[in-house]
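Student: Chain by chain, the residues run as shown.
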Amino acid sequence: MAASLGRICRTTSLLKPSSGPIYSQVNNFTTTKEWSKGRKLLTACLGVTAGGIGALLFSLDRSVRAIEIVAHAPHYHWPWTGLFQSLDHASMRRGWEVYKNVCSACHSLEYVAYRHLVGVTHTEAEAKALAAEIEVRDGPDDQGNYFMRPGKLSDHIPSPYPNEEAARAANNGAYPPDLSYIVNARHGGEDYVFSLLTGYCDPPAGIVLREGQNFNPYFPGGAIGMAQVIYDEVLEFEDGTPPVASQVAKDVCAFLMWTSNHEYDDRQVLAIKTIGIGSLLCALLFYLKRFKFSHVKNTKLAFIPKKK
Amino acid sequence: MKTNKNYKSLIYHYIFKRTSTFILAVVVTSVFFERTYDHLCEAIFERINRGRLWRHIKHKYENNGDEDGFSMPSADDAAAD
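One line per chain: the protein sequences are V and X, in this order.
All residue numbers for the first sequence refer to the UniProt record's numbering, where the first residue is 1 and numbers rise by one.
All residue numbers for the second sequence refer to the UniProt record's numbering, where the first residue is 1 and numbers rise by one.
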């Protein structure tokens, strides 16, 4: 910015012709040098106006969000907030318990299979045992009949309702969305889900809720079809962590963060690798540039007229 | 061949001089470089996230199961060696 302003206003003083033959050549190449005072002034004004309008639009865009009638989820410091931070797998394991004991009554998780849990939140034997708890309709067998069998690692988490209509009918017309990718599917991600789960309160005066609706300031519109489901001691964690409401909500968010981003940890490792290799290459390139340019910068061109 | 060659000219003579040896050197070094580099980066990652990865908590759950000795080779196990 300063450089281009300077180029427009005071071209000659920046590139002193006295500093050597190469520089004076460059100086001769600049196109703004011959501009009239008026033209320079106009260009400078245009630049300032464009910058000003950009800044205005930016600040408008930031403040316009205050218009929506919805509370914005604050940014929490998650275990994975920050550079190179992995997901917290102990927390995700508790989050699976929360999903299984609470959310799975209404929400499906259809893009997660039991095999995905292996080596992430559960051992293989545990995941097999979990899968064996469910019944899966399979077939046809050699008689052409369908039959029920215990679940296998390759089976997906069963949905609580057979279809969307059934889900709506059971929830006053509100459809509990699939939770597999909910963290990526909502503005604010895990912050939003956490705030939603813990943010239930009495509706302010003037807000009318229909049958089966609850007030939640973080839900767009305020009236949400899901009742508050997370309370202190809503379940017991197998590892003995005290199940206070915020802990339960945090753990289920950690789990849902993983279901939305299975590759999250790999991405962090990849970031380390990329930044490492990148800085190595950067240093090499810098050296290469200096190396090549040392030749250019040390070259002197001399014109020696022929003597007659 | 002269005996008083220093290592630079040795490298030149045996590696850089011929394209075949040069390519071979590139392939071999990249294999070793990548292995060490990956291990290094994963070690850094594990150090930063000590106690949070599955690898760090799985011993709590593993002792009872897996009698059949069969276990799926997960990416984590491969990286942990």
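In short, the hints are calculated from the structure, not lab data.
Fair warning: there could be bad hints in the mix.
What the hints assert, rightly or not - Partial chain X-side listing against chain V, Cβ under 7 Å, derived:
hint : residue
1    : Phe32
2    : Glu34
3    : Cys41
4    : Glu62
Said to hold, decoys possible - Here's a subset of chain V near chain X, in silico, CB distances under 10 Å, partners left out:
hint : residue
5    : Leu46
6    : Gly47
7    : Leu83
8    : Ile272
9    : Ile277
Here a beta-carbon is modelled for each residue, glycine too, at the ideal position from N, C-alpha and C.
Student: If a hint holds in the structure, say so; if it does not, say that too.
Tutor: Hint check results:
1. Contact between X:Phe32 and chain V, as hinted, is not supported at the beta carbon level, the nearest pair being about 15 Å apart and thus beyond 7 Å.
2. Given hint, X:Glu34 at the interface with chain V, is violated; its Cβ is 10 Å from that chain's nearest Cβ, farther than 7 Å.
3. The criterion of a C-beta within 7 Å of any C-beta in chain V is met by X:Cys41, whose closest approach is roughly 5 Å, and the hint holds.
4. For X:Glu62, the interface hint holds, since its Cβ comes within 7 Å of a Cβ in chain V; the closest pair sits about 5 Å apart.
5. The beta carbon of V:Leu46 is not positioned within 10 Å of any beta carbon in chain X (closest approach about 48 Å), and the interface hint is therefore violated.
6. Given hint, V:Gly47 at the interface with chain X, is violated; its Cβ is 44 Å from that chain's nearest Cβ, farther than 10 Å.
7. For V:Leu83, the interface hint holds, since its Cβ comes within 10 Å of a Cβ in chain X; the closest pair sits about 9 Å apart.
8. For V:Ile272, the suggested interface contact is upheld, since its CB lies about 5 Å from the closest CB of chain X, less than 10 Å.
9. Because the beta carbon of V:Ile277 sits about 8 Å from the nearest beta carbon in chain X, less than 10 Å, this interface hint is met.
In summary, the numbered hints that this structure violates are 1, 2, 5, 6.
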